[in-house]
Amino acid sequence: MSDTAYIKLIEEISLNAWPSHKMELYDGWLIRFSHNYTHRTNSVTQVGASSIPVEEKIAYCEKIYQNYHTPSIFKISPLIDPSFDRLLAQKGYEIQHTTEVMTMDFRNFHPWPAESAEYEYYGRNSGLPSFVVYPEDTIVMLQDRITDEWIHSLFRLNGTTNPTLRRIVPSMFKAIPKETIVASIEIDGRMVASGLGILDREHVGLYAIYVDVSCRHKSFARAICSTLLTEAHKKGAQNAYLQVVQGNASAKSLYTSLGFEDLYTYWFRVHANPPLSM
111 MSDTAYIKLI
121 EEISLNAWPS
131 HKMELYDGWL
141 IRFSHNYTHR
151 TNSVTQVGAS
161 SIPVEEKIAY
171 CEKIYQNYHT
181 PSIFKISPLI
191 DPSFDRLLAQ
201 KGYEIQHTTE
211 VMTMDFRNFH
221 PWPAESAEYE
231 YYGRNSGLPS
241 FVVYPEDTIV
251 MLQDRITDEW
261 IHSLFRLNGT
271 TNPTLRRIVP
281 SMFKAIPKET
291 IVASIEIDGR
301 MVASGLGILD
311 REHVGLYAIY
321 VDVSCRHKSF
331 ARAICSTLLT
341 EAHKKGAQNA
351 YLQVVQGNAS
361 AKSLYTSLGF
371 EDLYTYWFRV
381 HANPPLSM
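All residue numbers for the sequence shown refer to my numbering, where the first residue is 111 and numbers rise by one.
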């Protein structure tokens, strides 16, 4: 598979993995809206061929986002004609959230070796252990579905306090159409680390990797990622992917040590309040 074809695959399965609150398909452009929860779920992504003039399409998207009272955001990946990025720059759109996409062939996987795993719950049909134990009594708990309790604990970890987001985001997580592996680490009944693996076409994507500030430098993220990747591989995943914001050196170092390599970079062009075209 060529690099372009593989990038297209990763872009497609990552769209499956992260649904938006509202979506509209417009002449090959996917307009996504989620009250600014993330740029990925609140931006325009080009997914197909177009026939409408580009200036007309940009104006249409700007009107949509103005009606939603949010910035206009366009995702720019290597699949996009560079002239489109230049056009947005000329219109005053600025680059935000440059993101590096990393992938891994499981033949290059270097997990943190677990000490044991327990299959304590009868009736599970997911094949997942209920928890995996690592050195220093680090215990990763696993579920095969996203629960309200996990989501609300995630809000605390990633600082989501906006009432609208706390209302709509649970439905976005529950709209994920693919098989999931849900991981967490708890201390005294409180989730201090999280992770989500989403399976699609022999790939697993790593999402929602968070560690409480008070628990940094304890290898919790390494334990979470190792567990998600190991269990996904057992389920048939041959490759993994993830997305990390450019400049996050500690996360990049962790992912590289696990076996991930850079594939491509994308960014968002953002205009806080573009004038409506007449």
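Simulated from the structure, these hints should not be mistaken for laboratory data. Quick caveat, the model's predicted, so the values are computed rather than measured. Do not take every clue at face value.
Unchecked claim - Listed below are the simulated BS3-like cross-link pairs for lysine-lysine, each with C-alpha atoms no more than 30 Å apart in a straight line: (1) K118 / K173; (2) K362 / K118; (3) K167 / K362; (4) K173 / K201; (5) K345 / K362; (6) K118 / K132; (7) K288 / K344; (8) K167 / K201; (9) K118 / K328; (10) K284 / K345; (11) K344 / K328; (12) K344 / K362; (13) K362 / K328; (14) K173 / K345; (15) K284 / K362; (16) K345 / K328; (17) K288 / K345; (18) K344 / K284; (19) K328 / K201; (20) K167 / K118; (21) K288 / K362; (22) K201 / K132; (23) K173 / K362; (24) K284 / K132; (25) K118 / K344.
Claimed, not checked - Label pairs and their in silico Cβ distance ranges: (26) H220 / T375: 21 to 29 Å; (27) S236 / F194: 40 to 48 Å; (28) E296 / E166: 27 to 35 Å; (29) K132 / V164: 17 to 25 Å; (30) Y229 / L197: 12 to 20 Å; (31) P192 / P163: 13 to 21 Å; (32) S226 / E134: 44 to 52 Å.
Cβ atoms here follow ideal geometry from the backbone N, Cα and C, with glycine treated the same way.
### Message
So, against the hints stated earlier in the document, which numbers end up violated here?
### Response
3, 9, 14, 19, 23, 28 and 30
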